[in-house]
Amino acid sequence: GENVEQHPSTLSVQEGDSAVIKCTYSDSASNYFPWYKQELGKGPQLIIDIRSNVGEKKDQRIAVTLNKTAKHFSLHITETQPEDSAVYFCAAREGNNDMRFGAGTRLTVKP
Amino acid sequence: NAGVMQNPRHLVRRRGQEARLRCSPMKGHSHVYWYRQLPEEGLKFMVYLQKENIIDESGMPKERFSAEFPKEGPSILRIQQVVRGDSAAYFCASSSGQIYGYTFGSGTRLTVV
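If you're matching them up, the sequences are chains V and E in order. Counting along the first sequence from 1, when you hit position 52 you're at 33 in my numbering, and nothing is skipped either side. Each position in the second sequence, counted from 1, maps to that position plus 23 in my numbering.
Hints were generated in silico from the structure; no laboratory data involved. All residues carry an ideal CB built from backbone N, CA and C; glycine is no exception. Among these hints, one or two may not hold up.
[Said to hold, decoys possible] Straight-line Cα separation of at most 30 Å, DSS-like style, residue types lysine-lysine; simulated pairs: (1) Lys91/V - Lys49/V; (2) Lys18/V - Lys67/E; (3) Lys67/E - Lys52/V; (4) Lys18/V - Lys3/V; (5) Lys74/E - Lys23/V; (6) Lys49/V - Lys3/V; (7) Lys52/V - Lys50/E; (8) Lys23/V - Lys39/V; (9) Lys52/V - Lys94/E; (10) Lys67/E - Lys94/E; (11) Lys23/V - Lys94/E; (12) Lys67/E - Lys50/E; (13) Lys94/E - Lys74/E; (14) Lys67/E - Lys39/V; (15) Lys52/V - Lys18/V; (16) Lys39/V - Lys91/V; (17) Lys3/V - Lys67/E; (18) Lys94/E - Lys38/V; (19) Lys50/E - Lys38/V; (20) Lys18/V - Lys38/V; (21) Lys74/E - Lys49/V.
[Unchecked claim] Only part of the chain V face toward chain E is listed, based on derived beta-carbon distances under 7 Å: (22) Pro(-11); (23) Glu20; (24) Leu27; (25) Gly36; (26) Pro63; (27) Phe82; (28) Ala84.
[Claimed, not checked] Taking CB as the label site, the calculated pair distances span: (29) Met28/E - Val1/V: 17 to 27 Å; (30) Asp8/V - Pro84/E: 40 to 50 Å; (31) Leu21/V - Gln40/E: 41 to 51 Å; (32) His33/E - Lys39/V: 11 to 21 Å; (33) Gln103/E - Ser(-7)/V: 26 to 36 Å; (34) Lys39/V - Arg43/E: 37 to 47 Å; (35) Ala51/V - His33/E: 20 to 30 Å; (36) Gln40/E - Ala10/V: 39 to 49 Å; (37) Gln(-5)/V - Glu75/E: 31 to 41 Å.
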């Protein structure tokens, strides 16, 4: 089955700096890669996703890149703000199979 | 569209009791997934169901845990004879199956005392 690894487990940045979180996956057939943000006491919320036929996707301050050959994908947050502080999860999925998640990255943005 | 509804939000059970967690998927979604999250840890897949069928239960413990998604009504995750190690947040997600994304509920936080 799919195995997703995520790094780093914790990340602390100064407000205004960029944050990068990286994930690798094992199943070359995976074709959908979402990123979720989980705030304290809440369920994960989808923030951006990318499909395997695209190498990069951007939505305002958030971007995701995908390298299918190397089987890794990354989340980039620019101009970080304190409200970006949360736990971020990457995931990978092949077709209609169930999603497998990384272990999460706790991002802290210091004002 | 009310999103994925989970109840109860918080559940306290004594050791040996049964816990029943409910999940109503988003309107139009027929695929339900259950995940467990321990404090400071990631989301661990438990079970994937479609209406009246268990598609993948590879992540669910063989004993004491069961799940169903009947033709009518919510999906139920049932934990019999709970132990302290069952204390966790249990999240349900749903999808349409034809759209890749999952929508998560707010979770049920189970505490076993």
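Structure-based check of each hint:
{"no.": "1", "hint": "Lys91/V - Lys49/V", "in the structure": "33 Å, violated"}
{"no.": "2", "hint": "Lys18/V - Lys67/E", "in the structure": "16 Å, holds"}
{"no.": "3", "hint": "Lys67/E - Lys52/V", "in the structure": "21 Å, holds"}
{"no.": "4", "hint": "Lys18/V - Lys3/V", "in the structure": "14 Å, holds"}
{"no.": "5", "hint": "Lys74/E - Lys23/V", "in the structure": "26 Å, holds"}
{"no.": "6", "hint": "Lys49/V - Lys3/V", "in the structure": "14 Å, holds"}
{"no.": "7", "hint": "Lys52/V - Lys50/E", "in the structure": "34 Å, violated"}
{"no.": "8", "hint": "Lys23/V - Lys39/V", "in the structure": "25 Å, holds"}
{"no.": "9", "hint": "Lys52/V - Lys94/E", "in the structure": "39 Å, violated"}
{"no.": "10", "hint": "Lys67/E - Lys94/E", "in the structure": "26 Å, holds"}
{"no.": "11", "hint": "Lys23/V - Lys94/E", "in the structure": "28 Å, holds"}
{"no.": "12", "hint": "Lys67/E - Lys50/E", "in the structure": "25 Å, holds"}
{"no.": "13", "hint": "Lys94/E - Lys74/E", "in the structure": "6 Å, holds"}
{"no.": "14", "hint": "Lys67/E - Lys39/V", "in the structure": "28 Å, holds"}
{"no.": "15", "hint": "Lys52/V - Lys18/V", "in the structure": "22 Å, holds"}
{"no.": "16", "hint": "Lys39/V - Lys91/V", "in the structure": "24 Å, holds"}
{"no.": "17", "hint": "Lys3/V - Lys67/E", "in the structure": "19 Å, holds"}
{"no.": "18", "hint": "Lys94/E - Lys38/V", "in the structure": "38 Å, violated"}
{"no.": "19", "hint": "Lys50/E - Lys38/V", "in the structure": "28 Å, holds"}
{"no.": "20", "hint": "Lys18/V - Lys38/V", "in the structure": "17 Å, holds"}
{"no.": "21", "hint": "Lys74/E - Lys49/V", "in the structure": "34 Å, violated"}
{"no.": "22", "hint": "Pro(-11)", "in the structure": "14 Å, violated"}
{"no.": "23", "hint": "Glu20", "in the structure": "11 Å, violated"}
{"no.": "24", "hint": "Leu27", "in the structure": "6 Å, holds"}
{"no.": "25", "hint": "Gly36", "in the structure": "17 Å, violated"}
{"no.": "26", "hint": "Pro63", "in the structure": "21 Å, violated"}
{"no.": "27", "hint": "Phe82", "in the structure": "4 Å, holds"}
{"no.": "28", "hint": "Ala84", "in the structure": "4 Å, holds"}
{"no.": "29", "hint": "Met28/E - Val1/V: 17 to 27 Å", "in the structure": "35 Å, violated"}
{"no.": "30", "hint": "Asp8/V - Pro84/E: 40 to 50 Å", "in the structure": "24 Å, violated"}
{"no.": "31", "hint": "Leu21/V - Gln40/E: 41 to 51 Å", "in the structure": "28 Å, violated"}
{"no.": "32", "hint": "His33/E - Lys39/V: 11 to 21 Å", "in the structure": "38 Å, violated"}
{"no.": "33", "hint": "Gln103/E - Ser(-7)/V: 26 to 36 Å", "in the structure": "42 Å, violated"}
{"no.": "34", "hint": "Lys39/V - Arg43/E: 37 to 47 Å", "in the structure": "43 Å, holds"}
{"no.": "35", "hint": "Ala51/V - His33/E: 20 to 30 Å", "in the structure": "43 Å, violated"}
{"no.": "36", "hint": "Gln40/E - Ala10/V: 39 to 49 Å", "in the structure": "42 Å, holds"}
{"no.": "37", "hint": "Gln(-5)/V - Glu75/E: 31 to 41 Å", "in the structure": "52 Å, violated"}
Taken one by one, the earlier hints fail for this structure at numbers 1, 7, 9, 18, 21, 22, 23, 25, 26, 29, 30, 31, 32, 33, 35 and 37, listed in ascending order.
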